[in-house]
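Below, each chain spelled out in residue letters.
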Amino acid sequence: MALTGDLNTFSFADILQVLARDKKSGVLLVEWNDMIVAYYVKDGELVFARPVDKVFRVYTDRNFDQLITRLRIKKEDIYKTIERFFLSRLNQKEGIFSFTPGFIKYDSDVPVYYPVEELIMRSSRYLTEEEVERKISDEMLIFEKTHDADEKVGRVKLTEEEKKVLSLVDGSKTVADIRKESGLDSLTVDRALYGFLATGIIRRKRKERIQKPSITLDLLAKIIEKIKQL
Amino acid sequence: MKELKKIKIVIAGPFAAGKTQFINTVSEIKTVQTERKTSGSEKNVKDYTTVAMDFGKIRIDDEHELYLFGTPGQSRFDFMWEILGEGALGIIVLVDSTDPKTFHEARRIINFFQSRFPVPIVVGANKQDMPNAWSAEDVKAALDISEDEGIPVIALSAKNKDEVKKTLLTLLEIIRYSLESS
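These protein sequences, in sequence, are chains U and F.
Letter 13 of the first sequence, counting from 1, is numbered 13 in the working numbering, and no numbers are missing.
Letter 170 of the second sequence, counting from 1, is numbered 170 in the working numbering, and no numbers are missing.
No lab work stands behind these hints: they were computed from the structure.
Check the hints yourself; a few may be wrong.
What the hints assert, rightly or not - List of simulated lysine-lysine pairs, DSS-like, C-alpha gap at most 25 Å:
#1 U:K226 <-> F:K5
#2 F:K30 <-> F:K165
#3 F:K161 <-> U:K228
#4 U:K228 <-> F:K165
#5 U:K228 <-> F:K166
#6 U:K105 <-> U:K54
#7 U:K226 <-> F:K6
#8 U:K180 <-> U:K222
#9 F:K8 <-> U:K212
#10 U:K228 <-> F:K8
#11 F:K8 <-> U:K222
#12 U:K222 <-> F:K6
#13 F:K101 <-> U:K23
Just so we're clear, the structure is a prediction, and the values are computed from it rather than from any experiment.
So that you can see chain F by itself, here it is in the shape it has in the complex (with noise of 0.2 Å):
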């Protein structure tokens, strides 16, 4: 049997930003899970964490598939995102909007992505249907991200189809418009 090509997209972003329910919400698997029970003060955010990576996989055609890579959040396990970084497509950094706790660690996961993979970023504002979310320019602003880093940020709810695929395509945009003009 013929092996399909894979192309991988990487989703990054800080503890309980929401990387696993992104992927499951578009991937045509169900998604492929190293997760842990959690403990300490992470227990009260969440019972399960992702300790290596997640994966889900939408097919493209008879010879290619697309990979979805989630980045275990907490940095200790920053090795992590070295090797699943190596020959990604493009990356999306997903962001806790209603945890300006984690904004700072948000903008340290680009930083370490824009180092090592000059490849295009997008930054999903994630929990837009929570309240006290920041909006998108805010989270934008907190991050410090300027005009001309190119890194649009997407307001969004990890459990709406219609937003997750919204920032896949941006971000496929931006690989377009980088292949084009290359």
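The following block holds chain U by itself, in its conformation from the complex (with noise of 0.2 Å):
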């Protein structure tokens, strides 16, 4: 199933957690203004770029290795790809995107360059106030590490920023006292929380609270067996 969608209204960030979240691998096609790049996605991880002329061109070459091998490009240098056509666009907002999965075979190891937490981490620096609003809603949510944490902020560099972010984030204290604590700016304190949250490496902290339900077995019993009836 295809994921489409416009960069103004889903970001970078959102769109490579997506794709993290279940390692998925394919293409992912964003039509820019002035040109239109094909992505490579590879278990999740963004491994290869290059702008093409017309989008068929894509859906033709199905062998990755034999693409790049066409394109005189070497693995130990695909990562400059990255730079020069993702990385470089981070702060340009006008795009339609779309990612179809699974026709681009890859033969061999593919070298990862950048981890996606890491291009995550950069692609939420780029977030205006409006944008970082869509995760951090609310001042009073409250974020705690994953089980995982450790490991997916090895693989990122952190700015000195962040990292004092991250520090404060401890299951019990709110964005607004995080915002306090660090004496940062509200957007950079934002950002961080949003690409932490999109890597995966904070959570929002589940309430303990639940409420009874206000309704006896047996009358749900009775609202099941109605509702299956329909």
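Combine both chains into one complex, guided by the hints.
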């Protein structure tokens, strides 16, 4: 199933989050105002990028190793395409994306110079106030580190500000507390939290309190039976 | 005449997520609607929208009725979410799976209900019958729903009665589990 959308309303941090979560493989096509770029994704990692003049050309190359051989790019140099066609465009928000899973075949190991967690954090550094509000929508939100936070952090070069923000995430401090205690401006804090959330370094803290349903089991069984019979 | 006791489930979700359709599909009465003509950019999406609430109902027995209350989708009406959430047995948050620009709003709605009404929540990844619909798994990832949140994401088309029933039954089974374990 293809994933399509608009970069204006669904940022690169969001897209990479979805691709990384299920370790998807395929091609992410972005139609920018000035060019079309195909981003190659292997197991949730962005491994290669190339501009294409016609979209259909992307779908004619189904073997990754043969593709880069034909393009005369050494495997150890493919990360440079990420720098040129991804990192350099993170401040651009106008584009339509579509991800097609599965059709590209990767014969051998492909080096990952920029882990997806690193790319998500870099993307989050370009988010506007309006964009960060989409995830950090309430200053009373509380976050906690995930069980594999250390492993994920190990794949990212955090800035000093991000390290500071992460050190304050403890499962009890609110976003408002973190903003205040860090001494950083709100946008810097929120961008960091957005990135941590998208990479899976932190998550929303689940409320322990679940209200006991105000209904008896017998009545509930009747409702279930009624719905089944509709 | 004896007044029937009301049991309430809230159907929430962003603008044009399919809440009214969801209620229409299973309600035993013609859904009571408070719709007005849309204007501005909303008009490009649909001609009418809910401005206070919709409700449909299902008679359970001689004493009880199940009400399905649909909230208005636009955030300018979020004061209604607070009113409708009070006393709800559970909440279904519908998402238009073809429209990723509404996913963040859906998450905001989940956060809203989680913080105020700690009752079971199910997400319905609606419009699966449309081209370009994101899968339920991808919607789940986009909404940052972690496994331990206990919020299932169900793929459905609100026009399909069996799929609407499945979504309701998923919520009711979570409520049953919650009752049995408390």
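We went through each hint and held it up to the structure:
1. U:K226 <-> F:K5: holds (16 Å)
2. F:K30 <-> F:K165: holds (17 Å)
3. F:K161 <-> U:K228: holds (11 Å)
4. U:K228 <-> F:K165: Answer holds: K228 (chain U) to K165 (chain F) is near 7 Å, not above 25 Å.
5. U:K228 <-> F:K166: Given that 25 Å is the threshold and the Cα spacing comes to 8 Å, the pair holds.
6. U:K105 <-> U:K54: Measuring from Cα to Cα gives roughly 20 Å; hence the hint holds.
7. U:K226 <-> F:K6: holds (15 Å)
8. U:K180 <-> U:K222: It is violated: about 51 Å lies between the C-alpha atoms, which goes past 25 Å.
9. F:K8 <-> U:K212: Holds. K8 (chain F) to K212 (chain U) sits at ~15 Å (cutoff 25 Å).
10. U:K228 <-> F:K8: Given pair K228 (chain U), K8 (chain F) holds - Cα atoms ~18 Å apart, limit 25 Å.
11. F:K8 <-> U:K222: holds (15 Å)
12. U:K222 <-> F:K6: holds (14 Å)
13. F:K101 <-> U:K23: holds (22 Å)
Of the hints listed earlier, the one the structure fails to meet is number 8.
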